[in-house]
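Peer 1: Listed below are the residues making up each chain.
2 protein chains.
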Amino acid sequence: METNLLNDDLSLENLLAHWQGLTHAERETIFKMLGRMDQEDLFLNLASDYQLEIFQELPAAEKRSWMRLLAPDDIADLLQNMDEEEQKTNMRYLDYPTMIEVKALMAYAEDEAGGLMNSRFARLRPEMTVEEAIRYLRAQSKSQIETIYYAYVLDRHQVLLGVVSLRELFLADAKITISEIMNTDIVTVLQDEDQESISKTFSNHNFLALPVVDETNVMKGIITGDDVIEVIEEEATEDIQKIGGMEALGEPYLEIDLLTMIKKRAGWLMALFIGEMFTATAMSHYEGEIAKAVVLALFIPLVISSGGNSGSQATTLIIRAMALGEVRLKDWWRVFSRELLAGLSLGCILGLIGMIRILLWPNHQTLYGEHYFLVALTVSCSLIGIVLWGTLAGSMLPFFLRRVGLDPATSSAPFVATLVDVTGLIIYFTVASLFLKGILL
Amino acid sequence: METNLLNDDLSLENLLAHWQGLTHAERETIFKMLGRMDQEDLFLNLASDYQLEIFQELPAAEKRSWMRLLAPDDIADLLQNMDEEEQKTNMRYLDYPTMIEVKALMAYAEDEAGGLMNSRFARLRPEMTVEEAIRYLRAQSKSQIETIYYAYVLDRHQVLLGVVSLRELFLADAKITISEIMNTDIVTVLQDEDQESISKTFSNHNFLALPVVDETNVMKGIITGDDVIEVIEEEATEDIQKIGGMEALGEPYLEIDLLTMIKKRAGWLMALFIGEMFTATAMSHYEGEIAKAVVLALFIPLVISSGGNSGSQATTLIIRAMALGEVRLKDWWRVFSRELLAGLSLGCILGLIGMIRILLWPNHQTLYGEHYFLVALTVSCSLIGIVLWGTLAGSMLPFFLRRVGLDPATSSAPFVATLVDVTGLIIYFTVASLFLKGILL
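Protein sequence lines correspond, in order, to chains A and B.
Heads up, the first sequence is in our numbering, so the first residue is 86 and it goes up one at a time.
Heads up, the second sequence is in our numbering, so the first residue is 86 and it goes up one at a time.
Everything labelled a hint here was simulated from the structure, so no lab data went into it.
Keep in mind the model is a prediction, meaning the values are calculated, not measured.
Incorrect hints may have been included.
[Stated by the list, open to error] Calculated cross-link-like contacts (lysine-lysine; reagent style DSBU-like; alpha-carbon spacing at most 35 Å):
no.	chain 1	residue 1	chain 2	residue 2
1	A	Lys188	A	Lys148
2	A	Lys117	B	Lys522
3	B	Lys415	A	Lys117
4	A	Lys415	B	Lys348
5	B	Lys188	B	Lys117
6	A	Lys377	B	Lys377
7	A	Lys117	A	Lys173
8	A	Lys188	A	Lys348
9	B	Lys349	A	Lys349
10	B	Lys188	B	Lys285
11	B	Lys522	A	Lys260
12	A	Lys348	B	Lys117
13	A	Lys349	B	Lys285
[Said to hold, decoys possible] Covered stretches of chain A (chain B as the covering partner; in silico rule of three or more C-beta atoms under 8 Å from a C-beta of chain B):
no.	segment
14	134-145
15	306-315
[Stated by the list, open to error] Selected chain A positions facing chain B (Cβ under 8 Å, derived; list incomplete):
no.	residue
16	Leu239
17	Thr322
18	Asp324
19	Leu357
20	Leu525
Beta carbons: idealized from backbone N, C-alpha and C, even for Gly.
Could you put together the complete structure from these sequences and hints?
Peer 2: Spelled out as structure tokens, the structure:
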């Protein structure tokens, strides 16, 4: 019955494409319908969370053989998601050298280069000939090496000297030595480099794999493109969720426990609510003005939301540009000047539309009173000020946050909107008292 | 002087890491400081936009030799960013077979599989032995094949039969035929598949390259992981910018012409402003109520912004989950039920905080009048309604947009906030008239 969900197509491709859309129970049923070979194929190709789900349902007697299917970095990922007790039990299924390797990998944080890398890679010595190297690689490829598309040339202290692609090996004369054909201008990542910086390195280059080294250039492992794709997706998801005004969920929407999700959303929502309370405080200062000129109250949502919207735009732009490395801390002044002009132009556009809206509205005089022109002027001028302020605040906040060591993405659209709402009210009533003092106020 | 920006380090790695952070003029100066070999290295590793920048500054006499450095898919990318006249001129620098290939590649949209793929890949015939295959690949690798890490097995009509990784070739007995060792359960992408779907296929699997085929399984080219990384970054940037309430810029923040950027931001800002004008219209309906009970006006920004914030959260979550394929159109009911519970809980939390805030505020009686408890009740109950409404509207809008064939990311945080502002006012004043009719109103 459940296979209807997959149109009765149990090919690996179809399973992988739809796996995350299925419920836990559906996944379990389908997995049981597969033959052992297909089960293994599926298991090997799934992301680590889904591997864990399958692994935990396996009979204890089978766990050993399934675990041994995986490469050490994948085993480390699998174990990382278990509790300590479970880790210990499962660690016992590994042979001794693999266990040592897995433990070493687990010592890195999951989002550092060390935590993403695979410690089995193809090594060559600089003094080998091309012929020897090909023979040697052929022997190495029998053990579980994730990629032999690049071979790394190390000295006897494991210091990285160069890299040779298989393509270059194929092209080269069989008799010359590796040191003559290896590339020595190598792009590396440091073992404690974080995800964001690694994915930047990957997207700036066109390599399928990057070597991971320590401070003394000793080679520790490799990271391949597919690991990075997962990381980039995760990073973008985190940023998007923060921009939307919540803690990053860290789990797929339909998978996460409802209570956990509510907790993660409630935190920010409460913080924003408490921030927004200052609007009530600000408003109570102007209670007298509102009582005298109720017409002013009518435009409050309009003017303050415009500040919020322009602030959202600016902050979102800058957060993303920072994440992509397009904008750095030292660029704050260039950004400030651009946003000053952008904010001023956008403010004037909205101010003009606001003015026209009030002056051309049918029976504006009955609605907005005899001083409708002064009201229009108030709304229009405050719009210029508020949009300019929203734009500048929204664009500068990510710089401030990064400067003090926080994640710029925390400066979410709702956060900026809240900030601008409170100050927007002050701008609005200040402009109003300028134009309407002695007339309406 | 400009090299200070790079700490006097002109290594390829440092250049690539900082290239996009430099100004146009700085890039030009630095490029001229490099030797020809380093220039070529840099050129080959840059993204297509920056390649074009360099290419256009080259003396006409040198263009031919630089163009010929590039693989056909990279040439196609380069030409795609030129105007028609320039394309024609530069096309003449290519040899005939390359020109034919480049033209074929350019016929695909840039964001389809066909537009991303490279048409030079390693081909094998099923009847070859492993030994013949290795010799044959070695010969093929002398032409510009982007990846020989997988070899694709085609029949005489170019139909894709299977795939063999180099690793498997190395492992296999030299005498058996390719058809015996090739994998026939192949993950492919269709030539007209779009970026989003391709990147999903990539992140669901662990392949370094995917074959591109037409409807009859004729192989057209390959896509490698590094192409996909660029695409994923671009897709995420577009979504983030839309969520922030603007048109996707399509260019790096510091590169884009200021006027173009203002235009792209003004469009949405104006649309939102016009939408938000309905708040003024709604408010004018309640002018009488506000005049009678000015205290009600004080809480307007607080209550409506809470709806906007909860709506932003919900819409951002669902847009991202859809982009990642975690949530599909058919899941709308599951999402609705989750969001109903989430919205109700979040509304109750904020309602409670709002109630406490009003009741415990120093001199609440002077500020909010003798009926302060009823005012607190009004604020609190409207918060529950507005947060629930914001959450449901925010989560269902992306489904609606996708259903009618629009991009769900259009349902940006500011868009939802605007929608919820107007309806939020109506909810607030309706609740107020329920509790305060005959007392304050």
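Peer 1: Would you mind marking each hint as holding or not holding in the structure?
Peer 2: Results of checking the hints against the structure:
no., hint, in the structure
1, A:Lys188 with A:Lys148, "holds, 19 Å"
2, A:Lys117 with B:Lys522, "violated, 64 Å"
3, B:Lys415 with A:Lys117, "holds, 25 Å"
4, A:Lys415 with B:Lys348, "holds, 26 Å"
5, B:Lys188 with B:Lys117, "holds, 31 Å"
6, A:Lys377 with B:Lys377, "holds, 11 Å"
7, A:Lys117 with A:Lys173, "holds, 27 Å"
8, A:Lys188 with A:Lys348, "holds, 33 Å"
9, B:Lys349 with A:Lys349, "holds, 33 Å"
10, B:Lys188 with B:Lys285, "holds, 28 Å"
11, B:Lys522 with A:Lys260, "violated, 97 Å"
12, A:Lys348 with B:Lys117, "violated, 56 Å"
13, A:Lys349 with B:Lys285, "holds, 26 Å"
14, 134-145, "violated (count 0)"
15, 306-315, "holds (count 6)"
16, Leu239, "violated, 19 Å"
17, Thr322, "holds, 6 Å"
18, Asp324, "holds, 7 Å"
19, Leu357, "holds, 5 Å"
20, Leu525, "violated, 13 Å"
Of the numbered hints stated above, those contradicted by the structure are hints 2, 11, 12, 14, 16 and 20, listed in ascending order.
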